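Chain by chain, the residues run as shown.
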Amino acid sequence: MKSQIKSKKRFLNEFRNEVFGDKIFDICVWILILLAVCVTLYPFLYVISISISSGTAVSKGEVFLWPIGFELDTYKIVMKNKQLWTSYGNTFIYTVFGTFMNVVFTCIAAYPLSRKQFFLRKKLNFFIAFTMYFSGGLIPGYMVVTGLGLYNSRLAMIIPFLLSTYNVMICRSAMEAIPEDLFENASLEGANDFQILVKIAIPLIKPTLAVLTLYYAVARYNDFFNAMLYLGKTELQPLQMYLRKTLILASTDILKSAGATGAAAAAQSTLKIRYVCIVIATLPILAICPFLQKYLVKGTMLGAVKE
Amino acid sequence: MMKKSNVIKVTKEEKRQLFQKNIKRDKYLILMFLPVAIYYLIFCYLPMTGLIMSFQEFKPGNGLAGIYTGEWVGLKWFQQFFESAFAWQLIRNTFLLSFYSLIFGFPIPIIFAVCITQIKNKHVQRSAQLITYLPYFISTVVVVGMMTNFLSPSTGIINQVIVKLGGEQINFMNSPDWFRRLYVISGSWQTFGFNSIIFVAAIMGISPDLYEAMRVDGANKRQQVWFLVLPMIKSTIILLLIMSLGNLLSVGFEKVYLMYNPSVYETADVISTYVYRQGIENKNFSFATAVGLFNSLVGFTIVSISNWFSRKFNETSIW
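Chains as they are written, first to last, in full-length UniProt numbering: chain A, 1 to 307; chain B, 1 to 319.
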């Protein structure tokens with residue numbers, strides 16, 4: 001009798017420990033996630049807060065989390081800056097045309113490589129895959145692009161980067177997954193490969209293409225290095241070059257062009273101007289992210305599961 | 001005898017005919033691939049032939065042809081590089097930056113993925129994921145710009161807090177001691193959410209029956225993670241680890257270039273930034289090409305080795 005009670009007690013204790021253990025575990029999980037979310041969000045929140053807080057609060061260093069006061073003067077100064085809009089426009093051109101060319105070239109590269117009967121398939125696969133592991137490096141690449149007369153030309157931002165081999169491979173895998181019958185039927189009915197690509201292959205791999213388009217577009221929008229190498233003229237430079245000048249090299253051009261005077265006013269406005277620039281430059285890219293979440297998950301899986 | 005020769009011997013004439021037949025059948029595919037092939041030849045393979053510069057004395061002013069008409073100097077540039085005081089520092093910095101990024105950056109996405117899959121509320125799960133992806137899409141310029149401004153000695157928030165707490169201002173961006181930490185921390189901040197996607201997907205793929213079975217056997221959540229979740233995603237972890245080992249000597253140029261300044265070269269200068277300064281800024285094209293070639297060769301070797309491992313381990317390779 002006694003031992004029975006004892007064992008029952010022990011069982012209850014174990015049960016309690018178990019529930020208790022799970023509770024602690026859950027709490028740890030929540031703390032970690034909360035920490036991750038806060039660490040990610042805080043810099044953004046801080047940047048936004050500074051950009052809309054009143055100038056005096058910013059210069060006194062009172063803003064730590066939420067905005068103090070409300071002032072959009074700096075936005076007005078920045079918005080009036082011509083150079084910002086020129087560089088924004090350039091980025092728009094490079095992103096739209098560049099991404100378009102990227103997607104077209106990725107498709108016309110991936111389609112022949114995905115056709116199983118194509119007699120050059122293996123050789124061409126190696127031809128493009130090799131470039132992922134070995135390249136001429138920075139200097140020879142630079143000399144080829146400048147040697148072609150592309151220095152200080154808008155084309156230098158588009159032509160040397162028509163596709164990424166990695167993305168071609170992803171696109172090729174997606175096309176290989178299309179049932180062979182569809183292609184056979186189409187070619188029996190007299191369609192040539194161009195028609196098959198446009199009318200059958202591309203519509204069927206739309207989700208994959210959406211992900212690749214996103215990757216290409218983000219890379220184009222964020223591209224800084226190539227602009228630095230090939231674009232010396234300010235009026236051709238994209239947004240990222242402009243941002244570097246304002247944020248990292250701490251240029252005060254915007255303020256000068258707005259004609260502000262007084263050292264103290266200048267100091268705090270420069271600071272605010274930088275944060276406003278971050279907001280203006282980052283907003284477009286962050287705004288599209290929520291709509292793309294479902295594609296994103298698919299996209300990373302594409303890269304991971306290859307043959 | 002006759003039969004045998006019929007089967008094996010394909011005459012040159014027949015080969016030619018087969019080739020012509022193939023070309024005729026696949027003419028549209030060839031036509032379609034042509035622009036792509038031209039692109040690769042000009043922008044990938046033509047630069048590779050330019051590597052010849054690293055064994056020559058390049059004379060500027062001869063245009064593209066100048067690449068191939070320099071005077072042969074053998075291994076002079078390689079010798080010059082390895083005898084210089086920079087060689088060891090550059091290799092060490094390049095290796096350490098990626099090594100630390102891997103050590104600290106690799107486990108965080110896994111831990112985060114385990115945590116996020118423990119949450120049963122789908123809304124919380126999705127929003128937490130969405131928020132943590134965001135930094136991945138921001139440009140390096142903006143990330144470095146935010147860092148520079150947050151850490152600024154006079155106006156940055158970090159130093160304001162340090163001063164309020166009674167400490168002394170630290171000039172983070174000009175301190176060689178801080179460079180690697182800042183590089184690694186900001187890198188982790190930017191990529192941990194995005195890199196966790198693949199682990200989340202792997203964990204989501206575990207059958208709910210297995211959890212149920214473990215629960216019936218009396219396992220608590222901690223034990224479920226330790227004895228079920230981690231073993232189930234082990235192969236994903238190892239594969240990704242091997243793949244990132246392949247990138248050990250390829251530090252991204254952009255971020256280092258944007259972050260560094262001459263006062264932190266001692267820990268910050270890496271091979272790619274050195275090549276940039278020597279080649280593009282100082283116009284020592286041949287020397288810079290040689291250093292770049294050394295970097296490519298080492299990188300190629302490391303990728304090949306890691307690829308061999310991943311093939312061995314998983315029968316999955318990245319080739």
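Check before you lean on any hint, since a few could be wrong.
What the hints assert, rightly or not - In silico lysine to any residue, SDA-like type, Cα no more than 20 Å apart, as pairs: (1) B:120 to A:19; (2) B:283 to A:229; (3) A:122 to B:37; (4) A:294 to B:126; (5) A:123 to B:204; (6) A:116 to A:32; (7) A:294 to B:130; (8) B:122 to B:204; (9) B:59 to A:19; (10) A:123 to B:130; (11) A:116 to A:188; (12) A:245 to B:259.
Unchecked claim - Here are a few chain B residues that face chain A, going by a calculated C-beta distance under 7 Å: (13) 28; (14) 32; (15) 134; (16) 226; (17) 234; (18) 246.
To be verified - Simulated restraints on C-beta separations: (19) A:291 to B:71: 54 to 62 Å; (20) A:191 to B:71: 53 to 61 Å; (21) B:174 to A:293: 22 to 30 Å; (22) A:28 to B:211: 14 to 22 Å; (23) A:188 to B:208: 14 to 22 Å.
Treat the hints as calculated values from the structure; they're not laboratory data. As the structure is a prediction and not an experimental result, all values here were calculated from the model. All C-beta atoms, glycine included, are put in the ideal place defined by N, C-alpha and C.
Outcome of the hint check:
| no. | hint | verdict |
| --- | --- | --- |
| 1 | B:120 to A:19 | holds (17 Å) |
| 2 | B:283 to A:229 | holds (13 Å) |
| 3 | A:122 to B:37 | holds (14 Å) |
| 4 | A:294 to B:126 | holds (10 Å) |
| 5 | A:123 to B:204 | violated (38 Å) |
| 6 | A:116 to A:32 | violated (48 Å) |
| 7 | A:294 to B:130 | holds (10 Å) |
| 8 | B:122 to B:204 | holds (13 Å) |
| 9 | B:59 to A:19 | violated (76 Å) |
| 10 | A:123 to B:130 | violated (41 Å) |
| 11 | A:116 to A:188 | holds (17 Å) |
| 12 | A:245 to B:259 | holds (13 Å) |
| 13 | 28 | holds (4 Å) |
| 14 | 32 | holds (5 Å) |
| 15 | 134 | holds (6 Å) |
| 16 | 226 | violated (11 Å) |
| 17 | 234 | violated (15 Å) |
| 18 | 246 | violated (9 Å) |
| 19 | A:291 to B:71: 54 to 62 Å | holds (58 Å) |
| 20 | A:191 to B:71: 53 to 61 Å | holds (57 Å) |
| 21 | B:174 to A:293: 22 to 30 Å | violated (39 Å) |
| 22 | A:28 to B:211: 14 to 22 Å | holds (18 Å) |
| 23 | A:188 to B:208: 14 to 22 Å | violated (46 Å) |
When held up to the earlier numbered hints, the structure conflicts with 5, 6, 9, 10, 16, 17, 18, 21 and 23 and fits the remainder.
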